[in-house]
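Start from the sequences and build out the full structure, keeping to the hints where you can.
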Amino acid sequence: MRERTLSQAVNEALAEEMERDARVFLIGEDIGLHGGAFGVTKGLFHRFGPGRVRSTPISEAAIAGAAVGAALVGARPVAELMYVDFITIAMDQIVNQGAKVKYMFGGKARVPMVLRAPFGAGRANAAQHSQSLEAWFCHVPGLKVVMPSTPADAKGLLKSAIRDDNLVIFLENKHLYFQKGPVPDGERTVPLGTADIKREGKDVTVVATGRQVSVALGAAGTLAKEGIDVEVVDPRTLWPLDKEAIIGSVRKTGRLVVVHEAVKRFGFGAEIVAMIAESDAFDYLDAPVQRVASAEVPVPFSKFLEDLYLPDEPRVIDACRRTLA
Amino acid sequence: MKGDRSVDLRMYKTMVSIRSFEKKLGELSRKGILRGSIHFCIGQEAVAAGVCAALQPTDYITSHHRGHGHAIAKGARMDLMIAELLGKATGYCKGKGGSMHIADLDLGHLGANGIVGGGMPIATGAALGFQQLGLPHVVATIFGDGAINQGSFHESLNLAALWRLPVVFVCENNQFGMTTSISQASAEPKLVKRAVAYNVPGVEADGMDAREVRRVTVEAVERARSGEGPTLVVLETYRFEGHYIGDPVVYRTKEETEPWKSRDPISLQRGRILKEGFATEAELDRIDADIAHELEDADAFAQNSPNPDPPDLYTDVYSG
Chain A
1 MRERTLSQAV
11 NEALAEEMER
21 DARVFLIGED
31 IGLHGGAFGV
41 TKGLFHRFGP
51 GRVRSTPISE
61 AAIAGAAVGA
71 ALVGARPVAE
81 LMYVDFITIA
91 MDQIVNQGAK
101 VKYMFGGKAR
111 VPMVLRAPFG
121 AGRANAAQHS
131 QSLEAWFCHV
141 PGLKVVMPST
151 PADAKGLLKS
161 AIRDDNLVIF
171 LENKHLYFQK
181 GPVPDGERTV
191 PLGTADIKRE
201 GKDVTVVATG
211 RQVSVALGAA
221 GTLAKEGIDV
231 EVVDPRTLWP
241 LDKEAIIGSV
251 RKTGRLVVVH
261 EAVKRFGFGA
271 EIVAMIAESD
281 AFDYLDAPVQ
291 RVASAEVPVP
301 FSKFLEDLYL
311 PDEPRVIDAC
321 RRTLA
Chain B
1 MKGDRSVDLR
11 MYKTMVSIRS
21 FEKKLGELSR
31 KGILRGSIHF
41 CIGQEAVAAG
51 VCAALQPTDY
61 ITSHHRGHGH
71 AIAKGARMDL
81 MIAELLGKAT
91 GYCKGKGGSM
101 HIADLDLGHL
111 GANGIVGGGM
121 PIATGAALGF
131 QQLGLPHVVA
141 TIFGDGAINQ
151 GSFHESLNLA
161 ALWRLPVVFV
171 CENNQFGMTT
181 SISQASAEPK
191 LVKRAVAYNV
201 PGVEADGMDA
211 REVRRVTVEA
221 VERARSGEGP
231 TLVVLETYRF
241 EGHYIGDPVV
251 YRTKEETEPW
261 KSRDPISLQR
271 GRILKEGFAT
281 EAELDRIDAD
291 IAHELEDADA
301 FAQNSPNPDP
311 PDLYTDVYSG
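If you read the protein sequences in the order shown, they are chains A and B.
Following our numbering, the numbering of the first sequence begins with 1 at its first residue and continues without gaps.
Following our numbering, the numbering of the second sequence begins with 1 at its first residue and continues without gaps.
Warning: the hint list may mix true and false statements.
Quick list of in silico lysine to aspartate or glutamate cross-link-like pairs, DMTMM-like style, CA-CA up to 20 angstroms [what the hints assert, rightly or not]: (1) B:Lys24 x B:Asp4; (2) A:Lys108 x B:Asp288; (3) A:Lys108 x B:Asp79; (4) A:Lys108 x B:Asp316; (5) B:Lys13 x B:Glu281; (6) B:Lys13 x B:Glu276; (7) A:Lys108 x B:Asp106; (8) A:Lys108 x A:Asp185; (9) A:Lys108 x B:Asp312.
No lab work stands behind these hints: they were computed from the structure.
Given below as structure tokens:
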């Protein structure tokens, strides 16, 4: 297996899918010669040309709408937003149009498109370039939401997302872009809607998403030295959600901690906890559940404040210990 | 401008169908059978008839919340439309869309829209899709004077012009965004001037005259199809009724409304057809009667249709 950054893995998935299917094209700001703000589409402009790597003006509503319209008539666009924060400008086309046309039209429409967007804090990008907005999209019937935590998953999930006939929001953590991991050679897809147990354990289940998977794994390593065996579950796809994998893990451990980078209130973690409370796994819980999330404030600029804002290993460790107290 | 008998008769038939359809809706509303937000386009029929007569059957449209006319002009079946408006399983969208979401992709209708300005980015995207896929289709995106002040107009027209996409921007200026007149909504009341900003041709036409609407749209469609990009077509028309069924219409006077009503697009087209000898009174009356008959059947079909099944609530959210 080769080592690749998440950025390179996404690039490979895009190139392979464009090679495989002539209907796939890319659209977004500065994605051409420049290769995108984070270099994810580097080289694709030269390889596939300006007709299939469409650099746009700064027009997020037009980018999202162009993808929805092109998908409706049979193309398979992959749109890139430079930062997920800019999705506010595109929200009507995603939430009111793309997510709903199939239902509103009685099933007679398909929107096979992917909207990729970097998200996440920790890079001194401040309040309008650092958010984790996944819960907004999970709340909208008609959308699928994907959040990979490793380069291999990113590649396999993106390939599945491009082949999917629905509007898939594909959220890439900016920190992970530069972190390397093994990526299998050759064709490999990861189906949407399947969680992955990133570390098996028997004492406490930690459900973590995106970059927080590595935070959770770090915490698990520390706790292992104390004899506490943590299981780390990565949903990978936030919707459709692999409920069985999470319920099964909680049934086994009887303890649940949820870690994500979005703020806690009304977040993805709240849905996980509610889902467990509604399931038979509730009867297996030996302690109150814990949520570890970012502070309930806009993302601050100062490194000092931003480090306080984000979840970290000590907080995940504390949360795990609380479930065992 | 010289007429074409079959086109003129087709546009007449389309316009009478649209008006009769909406009068039927008024009847169903008064009887308490029809629910929800219903926006009439009575008075604006020449826009729908003329624009769609300029398109090939394989071309596409996007429409807006006042969209019954566009659907009928694009070839939608009135029985399936009434069934949809009554929320029946046999409706265009299985009762899941209603008046503001009628669509039929097989007819080239990419949907009415409940969001003002929501259709323009989709139409631009469909045109991009046709360019990507190497298909010769053109999209006409029909939007109101209210939508022209949305950011989506600017973003879409700029992108379409930049990439010379096969899309025609048709502004159906009925003088009011809900209750707000053009003079209260646009700093520049001459909407066609906006074309200059996007380096595209801007054309104005009498939106009460179906033949004139078709003429300017044909030119814009040809331009789009030949790869020269979009045109902004502004059609001056008038909404004879209120914004919705039940609107007390306190925002305009009879003095303002009457001159428009005296230029009824259907009367204009009927008079012209008679004058030019394309048909006799009796032949036109026959067309009117056939439409009335078709609507009675459509109404009966819709009212006798079943409601959706409870499990249908959950279907059609995702593909695959």
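Verification of the supplied hints:
The suggested pairing of B:Lys24 with B:Asp4 is violated, with an alpha-carbon distance near 30 angstroms, which exceeds 20 angstroms. For a cut-off of 20 angstroms, the pair hint linking A:Lys108 to B:Asp288 is broken: about 32 angstroms separates their Cα positions. Distance restraint check for A:Lys108 and B:Asp79: the Cα-Cα separation of roughly 18 angstroms lies within the 20 angstroms cut-off, and the hinted pair is therefore satisfied. Restraint check for A:Lys108 and B:Asp316: satisfied, since their Cα atoms lie roughly 8 angstroms apart, inside the 20 angstroms limit.
Pair hint B:Lys13 plus B:Glu281 holds up; C-alpha atoms about 14 angstroms apart against a cutoff of 20 angstroms. The suggested pairing of B:Lys13 with B:Glu276 holds, with an alpha-carbon distance near 17 angstroms, which does not exceed 20 angstroms. For the suggested pair A:Lys108 and B:Asp106, the alpha carbons sit about 9 angstroms apart, so the restraint of at most 20 angstroms is met. At roughly 38 angstroms between alpha-carbon atoms, A:Lys108 and A:Asp185 are farther apart than 20 angstroms, so this suggested pair is violated.
Annotation: proposed proximity of A:Lys108 to B:Asp312 holds, straight-line Cα distance about 14 angstroms (limit 20 angstroms).
The structure fails to meet hints 1, 2 and 8 from the earlier list, while all remaining hints are met.
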